[in-house]
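Enquirer: If you read the protein sequences in the order shown, they are chains A and B. Going by this note's numbering, 172 is the number at position 172 of the first sequence; the sequence numbering is gapless. Going by this note's numbering, 318 is the number at position 318 of the second sequence; the sequence numbering is gapless.
Read the hints as simulated data drawn from the structure, not as lab findings. These numbers come from a predicted model, not from an experiment. Incorrect hints may appear among the rest.
Stated by the list, open to error - Here's a subset of chain A near chain B, in silico, CB distances under 8 Å, partners left out:
no.: 1; residue: V4
no.: 2; residue: G27
no.: 3; residue: G30
no.: 4; residue: V32
no.: 5; residue: P33
no.: 6; residue: A36
no.: 7; residue: G70
no.: 8; residue: S109
no.: 9; residue: R110
no.: 10; residue: V113
no.: 11; residue: D123
no.: 12; residue: P149
no.: 13; residue: N177
no.: 14; residue: T181
no.: 15; residue: S189
What the hints assert, rightly or not - Just so you have them, the derived chain B footprint on chain A, three or more residues with Cβ under 8 Å:
no.: 16; stretch: 5 to 16
no.: 17; stretch: 91 to 103
no.: 18; stretch: 164 to 173
Yeah, the Cβ is synthetic: ideal placement off N, Cα and C, and Gly gets one too.
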Amino acid sequence: MTPVIGLFTAEAEKIAIPDREIWRYLGYRGNVPDGAVLEQIEAVRREFLGAVQYKACFAKTKTRRNDAGGIFFPFGTVRSKALERSLAGCEEAYVFCATAGIGADRLISRYAVAEPARSVIADAVATAAVEAFCDSLCASFGGSGYLRPRFSPGYGDLSLEYQSEVLRYLDAARKINVQLTQSMMMVPSKSVTAIAGIGREQCAVPSGCRTCTQKDCAYRRR
Amino acid sequence: MDIRKRIGKERLYFDGATGTLLQNMGLAPGEFPETWNLTHPESVRELHRLYFEAGSDIVATNTFGLNALKFDNVEELAALAVGHVRAAAAPFEAQGRVCYAAFDIGPLGRMPQPFGDLPFEEAVDLFARSVRAAVKAGADAILIETMNDLYEAKAAVLAAKENSDLPVFLTAVFDQTGRLMTGATPETLVAVAEGLGIDAVGVNCSLGPREMLEHVIPRLLACAHVPLIVNPNAGLPREEDGKTVYDVGAEEFSGLMRQVAQLGVPCLGGCCGTTPEYIRRTIEKTRDLPVLSEYPEKRAVVTSYAGALEIGKKPVLIGERINPTGKIRLKQALRDGEISYLLEEAVRQQDAGVQILDVNVGIPEIDETQVLKEAVSRIQGVSDLPLQIDTADPSAMEAAMRIYNGKPLVNSVNGKQESMDAVFPLVKKYGGCVIALTLDEKGIPQTAEGRAGIADRIVREAESCGIDRSQIIVDPLAMTVSADQQSANITLESIRLMKERGLLTSLGVSNVSFGLPRRELLNAVFFAMALDRGLDCAIMNPFSEDMMNVWYAANALRGLDGNCLEYMAYAAKTKQTQTARQVSDQTLFDAIVSGMKEAAGAKARDLLLEKEPLAVINEDIVPALDRVGSGFEKKTVFLPQLLMSAEAANAAFDEVKKKIPAGGREKGRIILATVKGDIHDIGKNIVKVLLQNYGYDVLDLGKDVPPETVVDAARRYGVRLIGLSALMTTTVPAMRETIRLLKERRVDAKVVVGGAVLTQEYADAIGADCYARDAMETVRYAEAFFGADAESHFFMDNRAD
């Protein structure tokens, strides 16, 4: 059956970008930036709000474990133990792609020319922003069941290669202008593809940093 | 009958959705609709037949995604697709209807450089293959549609024009903010498309007719001089019982399309969610409406990839800083391939308030065509201002106009036949406004009338080449007043004569003061006088406070600054800077440690009055950098602070450089590159700024850099240390390949690598000499590599401007 692709967008001001996430992406590991840095973050955040264009497309799909050890989706069979754990007990899932738009990349590039501190801050703000936008998108998925934490290609053993299948399935290039380079990088760079299972009951499954094998990462949530 | 003779003069109807109908006929998810031309010919013909039956005049082939990135058999499928439209049209043509097959071309699905990885010429080639297939298959027109990106649209239109004589139509996807997803406005799209010689332009997909009426159509009508096409979706999609449904029905849709037609849009159709019924009802409701074919007056519009700028409304400032004439530092940067210096000048001029950036890289020692192309492309990666492509070399001009993302200002043509023969065909092909210098084979006339005569000839010649006179901006040439005291008067009188003729004008203002003291004073007064005569553009130095003062003040005085708001903002800003200069009681050391850029610059200036430059470096700047650097290593200082300190130190170095005469010493040159396939260069940029702080001369090759480029640069400049970055596992192979090629070509250089996914083991496995975990580690490695003796001799730039 033809997928029903939903579209979702939000005005820049409507997405609250959590300070702590910005700081984490800047490598503060639980510390609080000093006043001068906080001022820079605010200045960058203001400009970012004029540059960001949040857009997302999503589909609700069937999913099930194959006997052969893969996970079935309408766009193909996925092999990943970590995703399997995340989807345990789910018969449906949301598959989505969300982006902060090319304006975010342009802002980061422009700062990079003469204001490297702002460039790094803009990168962190944009990363935190697209994640916050994903939260807002996931919160918009109503209906029955409990939404599991989103799980993206590149997390744990879920190969990046699945990005291309997800993007094609969602018609993301046409719908929200998210495309892949030959080396599997998404353009705009501040974009997320993810799968979030819909469970019948609430249950704690490992998500985010906890599923990642790179234990000494500077950005790891603690 | 040729569709070009009809479009815009009578109402023509396009078809509606293709994908929606094919899905209803059983097209599976993930299946390419284009393959159905081969596998389900009856269904495809039936689809087309339904639209002809509904009354469509122009039916698009089922080739939206047909390109050589996805298909090996482009030609075969193209031939079939056109054949299906023809077959569907046959019974209607037998009844005397005229039916057209428009060959449908959609986006490639890969973003062009610099933000994506698809080279512009590759995009042109891919489209060209589809266009040639369309011509061979006998299509009546090329319909380029659903374009999200201006640059890709330009590639497609160029390919269509270069490979066919067919009419070319372009429709793009605007959102509710009235922009394409990569930023272009309706005005920009129209200016660029018309510049390329489009036959009709418009909007499709994403929005329903209501939103298009509100956000896009009036803007297109206000600026387009070719017929418009409007193919909306059937409103917005939503899910109902597991199916996609659209929220605007055929009745409502057609009512809205009647409004679209009444506004003056001659070509109507539909996109996602629309069916033959939508088209039928639209035709019923609009057939009786007269077709309006009045277009607005033509204007001089130049654009970047995003916004459009109309010349002639308010005087335009064109930043002159990226032009090597008289600029030693820029010349050196060009010789060294240091494009990043040009980028800094671009951003600084934009921040200073110019509206267009002049780009001239003409020095004898370089391949101007290559460098101009690269400069234009990379400046567009960091600035959304329109550019003025400034070169005397027609082949460099063509190369730059071709890859320019937008419609450029071109500098320049002149009254010599040779110049007009070289430049006008380029303007005709690629689009652009062009600066016309009033000189010819006999030189520069000594009278205003003489200069006006040349302008007239240039305009006539342009018109005979099919270029509208509105696109010509005359530069009546500011000559130095020290040589001839009448020269300024002649130039000013020339401006008046051009105005009389309805021509726009531009001047390189600063020539007037050559050879005289206090040039800025003369420049500013001359600028004010020229503005008073109606000057439209000034090529000038935006870092000259006098010039900026004149511009803001003149706009306020001439009624060009509503409520004097811009003047007041400018006055407030300049006052603030003056105060900031006075208040700084920190030491230079403190200013750098706390990352206060302006204070660091000011303090360095003060210190240099009492101390030797080398002492300032060794006793103030270096200790501050070391303090911050070691704090970073101990994790008490974090990345933003480290970089703010680096910026502050750079501000201090800039002051030191002004004091040190030529002959300073460099610590060593280092190449940095983000490897091929990798478009994320933030890490590399961090390393760069720190290395520069520590006195190294960094040659930044940018991102997505092919291995050969690294090898060539290392050899050409004899560089012995190379830093490579890669963000993802998928691009580490390119890093390995770069290292392999460096070794194979026996480049005597060490390679230090870094990036999110790299580890020591990984670095060893790909043959790197060093793995640097962060920017400071790269600095430490460089320090060790170039030897301890370098430590006391900081980088002196001997290329003061």
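Enquirer: Out of the numbered hints, which ones does the structure contradict?
Expert: Structure breaks hints 3, 4, 7, 12.
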